Amino acid sequence: MSEFQQKCSILSRDRLAFDVFRLTLQAPGIAATACPGQFVMVRVSDGLDPLLRRPFSIHRCFADGRISLLFKVIGKGTELLARRCIGDQVDLVGPLGNGFVGNGVGNGFEFSDDRPVCLIGGGMGIAPLLFLAEQLHKSGRETEKDHVLLGARTQDELTPLADEFSNLGYPVQLATDDGSVGHKGFIPDLLDFILPTVEQVYTCGPHLMMKNVVRQCQQAEVPCQVSLETHMACGMGACLGCTVNGKKGLVHVCKQGPVFDADQLEWSLE
Amino acid sequence: MKELRMESAGNTGRGSTPDLGVQIGPLVLRNPVMTASGTFGYAREFENLVDLAQLGAIIVKGISLHPKPGNPPPRIVETACGMLNAIGLENVGVDRFISGKMPYLYKLSSPVVVNILGDSVEEYSEIARRLDRVEGVAALEVNISCPNVKKGGVAFGTVPEMAARVTEAVRGGSRLPLIVKLSPNVTDIVLMARAVADAGADAVSLINTLIGMAIDPISRSPRLANVIGGLSGPAIKPVALRMVWQVAQAISLPVIGIGGITTANDALEFLLAGASAVQVGTANFYDPSAAGNIVQGITAYLQEQGEDRLVDIVGTLQTGID
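So the protein sequences, as listed, match chains F and A.
Numbered according to our numbering, the first sequence spans residues 1 to 270.
Numbered according to our numbering, the second sequence spans residues 1 to 322.
This is chain A alone, in the form it adopts within the complex:
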């Protein structure tokens, strides 16, 4: 495995530059700001616009065992402060990812986390096995939560026993740090988090998109060809924040917050609620500089607050209730 080229998370901040380092299980990051899967392509798409080296980690487009063509168009629609998508997990498949995308990603100084998805428990395990010894892969994020697959995949993210089985299967096939990405489309997110924590996950990330839909009244038809899709963007931030807070209270694993994070203040809300790190998603589409600005904004906040280390503010929300 490639040695992670980054500063130790254990540095204490000296002088005026606070230490943004965080640890997500065995994965050490120089700062807590990652790009969310499905919103940053395979990173190369942004190389002209973004200093990729300033990212805490890059999480690439979800990878399946075989290439997927995705859903028919239209696949996206804008909603109030958000967007609905039904891309359908279009991706190049694990083998072409390894041969065609990893040589570029390997050269980046930011750790690369590969998001994986399958139609069966065996597929998850097989993808994990194939990625296990690929140089440059720093961790796996297991997607059990995409709303845009039809083959019963939704059960992986909504039934605790199934989520645990997928987690165990990936754990068995890989030595890599293992993050499980949770779906918000459940009655009790804490049950899901506990299930994957008990099954061997090193961390959980949440939330994936909320299932939604939009309708064109003139044509009386759905705006997405797939009829329903996943809602993301600032519109979902309060839901995400609530779930991150609940999960961070309930489990001891690191939690990664995702959902409508556009500014440093958004990210800080999640960190205070108990997230050890955050992912920037939809904002990458409309503001490619968002993730970099968030890193700078967090640094400025810590300086203003007189904090030397980011980890010292994680989970310091004062609710006033016991």
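Next up, chain F with everything else stripped away, as it sits in the complex:
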């Protein structure tokens, strides 16, 4: 698989909510080869503090060589990235890691039957799921039969993203912590009704949310792929810093993930 280190121009910078930003960059090599679920390592500044790149999942990927990243400002790195302007060059390495997979048919997203799939995103975990949704849509699925469940703290963080899933034909259910839109409470509350009909669940979001989703999927015996977030120094399998607990010992999120079959991971720890 090809990887690239590229200086990429920022083409647009959208503020989706108070602290949520979307950058679109010209990244032709990465855009041409990326699969949904893969990520890039971003040098947020040219200086030495912060030193390390930050991993971001690829949020959207366009045929004309653009990619988008979605992120919330949570620390020094994301704050610096949010301050970058249109026209700035940002150094990216990617695409890295594996991606979400269809049901045994590689990244073609062909499924063994016509049962729906369910995409569950929480907070910035929504980012890679839009890329996945677009890819599924391109594969010719009847997306109106699938499910998209999105959760966040408030309506502000959800509205523009929910519309983009809706525009692809997906029925979207929302949940917010404050009840400002959709269900007041957590995503997994919405899942019980859906799960018996579903062939495959894809999820990315806060660890506690994914843990609950995985528990429900395991009870209903529905396959579930999770995309994990963790600290990384290199993203390429060299630093070995990004381990999490797997069923058969430690696994490396950057190379063996960030997407895992939920059954591979040890959810009772942490």
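Any given hint could turn out to be false.
[Unchecked claim] Under the rule of at most 27 angstroms between Cα atoms (straight-line distance), these lysine-lysine pairs were calculated in the BS3-like manner: (1) Lys-76/F to Lys-255/F; (2) Lys-255/F to Lys-107/A; (3) Lys-248/F to Lys-68/A.
Think of the hints as simulated: they come from the structure by calculation, not from any bench.
Note that the structure is a prediction, hence the values are computed from the model and not measured.
For this one, chain F is given, so just place chain A on it according to the hints.
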């Protein structure tokens, strides 16, 4: 042993391209820029991003006698201009390294240096013995200095007599060029360097990471599961530079400088201080092109300075003091 495929270090520079060749004991390198152990995996991780042929040498992840799973997460944390790690020497073990990693490494045109580590003097000796006749291994770097092992390993890097015993044991088990990597976590680095030099090392490399820690005030817990870890990156460069200078003054063996080297200027500081070569470590994580850029930058510097040979600038620091 595989014949080293590289230019002679003795070439004199002709025309506009200076000769970057250096000699580290019996090990001949076409340029002085290596990748530091633990920061470059087994090289294959970088093959899509880095022209591996432009590296002076590749030093692979530290290898132990038996596979090691490493420490529990979290294992890394970023600090100001640096990072702390407590990976715990995760590696595949010497036998799987030889069967699974060396066939790829053997094909590379850059020499491959294998970093080795043990829990006992006997383990060091045994690993060295197993690697001795493996085709494609150009040299050994003996890690006596990792802060992330619990079994008394720290004594190997902080007690001169123990460092000498490990060096002698590896020397006895191997004909390969022998580099001993020193720990900065000592009172007098020169004592350590002299001890391993007297015990048969062909060169010393320094420094390994400085022991440090970081704390999360909200959870009132350490940021690393191992509590303490090794600090690396640009934050440690002045310490490394000082130690390289002190050691280069004190011993006649070649010295390899390591510690926060990110740019050609960083590398040149170490070379001027007396290092015959340098290793690029943490920079590989955040800038995979760093080592290649440093080779180019050193070439440009020599051209600007009108120097034909890199070796002519090694140790030419002008301190103004006798």
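Item to check | Hint check, failures only | outcome: none
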